[in-house]
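Spelled out from the first residue to the last, the chains are:
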Amino acid sequence: MTSIVVLKRRINSIKGTRQITKALQLVAASKMKKAQEYAARSRSYSDLAFSLMQKLSGINELKNYVFFKVRPIKTKLYIVISSNSGLAGAYNSNIQRFFSNLLKEDHENSVKVKVIAIGNKAAHFARRIESIELLAVYNDLGEQPTANDVRPILNSLIKEFLNDSVDQVDIIYTKFISNITQQVDKIQVLPASTEITSETDQQVGHFSNFEPDVDSVINEITTRLIEARLWQSILESYASEHSMRMMAMKNATDNAKDLIDDYTLELNTARQAGITQELAEISGGVEAMKS
Amino acid sequence: MFHFRLVSQTGTKFDQEVAEVVLPTMDGEIGVLTDHMPLVSVVSNGVISIRENPKDSDRNMTFFATNGGVVEVDNNNLNVLVDEADHEDSINEAEAQAAYEKAQKLKSEAKDQVSLEHAQKMIDRQAVRLQVASLKRRRHHK
Numbered sequence: 002m003t004s005i006v007v008l009k010r011r012i013n014s015i016k017g018t019r020q021i022t023k024a025l026q027l028v029a030a031s032k033m034k035k036a037q038e039y040a041a042r043s044r045s046y047s048d049l050a051f052s053l054m055q056k057l058s059g060i061n062e063l064k065n066y067v068f069f070k071v072r073p074i075k076t077k078l079y080i081v082i083s084s085n086s087g088l089a090g091a092y093n094s095n096i097q098r099f100f101s102n103l104l105k106e107d108h109e110n111s112v113k114v115k116v117i118a119i120g121n122k123a124a125h126f127a128r129r130i131e132s133i134e135l136l137a138v139y140n141d142l143g144e145q146p147t148a149n150d151v152r153p154i155l156n157s158l159i160k161e162f163l164n165d166s167v168d169q170v171d172i173i174y175t176k177f178i179s180n181i182t183q184q185v186d187k188i189q190v191l192p193a194s195t196e197i198t199s200e201t202d203q204q205v206g207h208f209s210n211f212e213p214d215v216d217s218v219i220n221e222i223t224t225r226l227i228e229a230r231l232w233q234s235i236l237e238s239y240a241s242e243h244s245m246r247m248m249a250m251k252n253a254t255d256n257a258k259d260l261i262d263d264y265t266l267e268l269n270t271a272r273q274a275g276i277t278q279e280l281a282e283i284s285g286g287v288e289a290m291k292s
Numbered sequence: 023m024f025h026f027r028l029v030s031q032t033g034t035k036f037d038q039e040v041a042e043v044v045l046p047t048m049d050g051e052i053g054v055l056t057d058h059m060p061l062v063s064v065v066s067n068g069v070i071s072i073r074e075n076p077k078d079s080d081r082n083m084t085f086f087a088t089n090g091g092v093v094e095v096d097n098n099n100l101n102v103l104v105d106e107a108d109h110e111d112s113i114n115e116a117e118a119q120a121a122y123e124k125a126q127k128l129k130s131e132a133k134d135q136v137s138l139e140h141a142q143k144m145i146d147r148q149a150v151r152l153q154v155a156s157l158k159r160r161r162h163h164k
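Protein chains in written order, with my numbering: chain A, 2 to 292; chain L, 23 to 164.
Chain L with its partners taken away, still in its complex shape:
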């Protein structure tokens, strides 16, 4: 077990002992377990999955949608600093879907580089939220 702290710009989102955390980084997903080597890396857009107890199955993992940040592992402390982190329960799939479509529309209408980038960012973000929502749904169906 090690300590995992997930802090977004709007406050601490997760702060407790966990067994395993899977993070999306620039180089692909990394899994962090107890006694991980000291590491500093960059979190990318994606899903953070948390296994709170070693015996929990994949179905019982907790998910957060995130859009990038910094990760630091040091002496069994995992600190993750991200712009935003949305817990699976705070995501409404219908809303995320609507926002995703709206972002797509924005992108198709974008006239300059800045608004195009902005729209793309929104699309990426909503895509991750949708992914988290579907993970959650799948779990409830089983």
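Chain A extracted, bound-state conformation:
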């Protein structure tokens, strides 16, 4: 049986751990609330932006426009959104697994891969793989980035696409579904024309009027709409990250409590066993003196 001193030390150490995880849990919970509100606020903007983009991509005369034109894919650019720090449960490993599968697919199709990493974890992962060209790392967007903060990322992805360095741009992010459900997902932002549903098919040709002219309107609009999607996926990812961190820390706290209970029970048993043994020894001694 483990000695009483060892058990006491162990219990104390777990109590310390529990305090830390509890504190992290509370911090994550408050950040989660803010991140969720923030993501929800801009959702109507990005939803509307997306539906407009869908309508535009259904117009025949725009099919050959550079933002919409589908090219044979030789190089892909992935924007991978992860967190800066760990201890967020499966958040980063989910992204990593999802991304690895995509890489495998691209490798089989001999597609070259470039990456823009948001968050240190994605950067670490991308650096470890030789075939990936890591273009940039953004790790200080802040807790609540504005659309302005993502503009440098937007500019570089559009530049890469327009000068033919990449033929497709995808964002890998974690979709926030609810406090307990988050899902890694991929959205294609460029070329902007793939997702055509039956609903949008009916609207083909509705927009024949562009003011002042097609070129300037399409440029402005596509940029704005891609920006909306990029921004929204970053916000969704943040909300997911904080939710998962909170859940992970809550589980750790609960687990610490269970461990403390177990060890306390063991400690009590050990102490009781000690007392029983001492009593037995005393009464044994008394019996010996009698005879």
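One thing to keep in mind: the hints can contain errors.
Claimed, not checked - Here are the computed lysine to aspartate or glutamate pairs in the EDC-like style, where the Cα-Cα straight-line distance is at most 16 Å:
#1 K35/L / D48/A
#2 K56/A / D96/L
#3 K16/A / D263/A
#4 K75/A / D171/A
#5 K187/A / E106/A
#6 K113/A / E161/A
Claimed, not checked - Label-pair ranges, simulated between beta-carbon atoms:
#7 D165/A / G33/L: 36 to 42 Å
#8 A120/L / T224/A: 28 to 34 Å
#9 D165/A / D37/L: 38 to 44 Å
#10 N82/L / F51/A: 32 to 38 Å
#11 G17/A / N114/L: 49 to 55 Å
#12 R128/A / H109/L: 45 to 51 Å
#13 I21/A / D134/L: 42 to 48 Å
#14 G87/A / G33/L: 31 to 37 Å
It should be emphasised that the hints constitute simulated quantities derived from the structure, not laboratory data. It should be emphasised that the depicted structure is a prediction, and the values quoted were computed from it without experimental measurement. Think of the CB as a built atom: it goes at the ideal place given N, C-alpha and C, for glycine as much as any other residue.
Starting from the known structure of chain A, fit chain L onto it as the hints suggest.
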């Protein structure tokens, strides 16, 4: 009457049936009335004016200060997506004036192209806010 939705990056700012909307676009102001032709255009820095009822006078129009975005008219639905839209009631004229002067100062101190552009953007934005504030004030004085 047609449906007008004004959505900024921080949420939906206006969402109801209206009679007339005047928007600042790259080519100058456009007025949108019922049965407007389908249109996609770019909104520039300026004031969005809304007439909610056909009988409302110009004095009763609602104003928003905006700094650019996208407009879509389709089948009596007007959707406007902008970076920012400030309702006239949310603008404090004194604050806007102070911010405008601060932006002017920033511009005069700007050393490189990036900060100059940034300052200019702030000036444009505050100028529109001031414009909306003065429209509101004028209305209250009448």
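Results of checking the hints against the structure:
no. : hint                        : result
1   : K35/L / D48/A               : 15 Å, holds
2   : K56/A / D96/L               : 11 Å, holds
3   : K16/A / D263/A              : 13 Å, holds
4   : K75/A / D171/A              : 14 Å, holds
5   : K187/A / E106/A             : 14 Å, holds
6   : K113/A / E161/A             : 14 Å, holds
7   : D165/A / G33/L: 36 to 42 Å  : 38 Å, holds
8   : A120/L / T224/A: 28 to 34 Å : 32 Å, holds
9   : D165/A / D37/L: 38 to 44 Å  : 41 Å, holds
10  : N82/L / F51/A: 32 to 38 Å   : 35 Å, holds
11  : G17/A / N114/L: 49 to 55 Å  : 50 Å, holds
12  : R128/A / H109/L: 45 to 51 Å : 47 Å, holds
13  : I21/A / D134/L: 42 to 48 Å  : 45 Å, holds
14  : G87/A / G33/L: 31 to 37 Å   : 33 Å, holds
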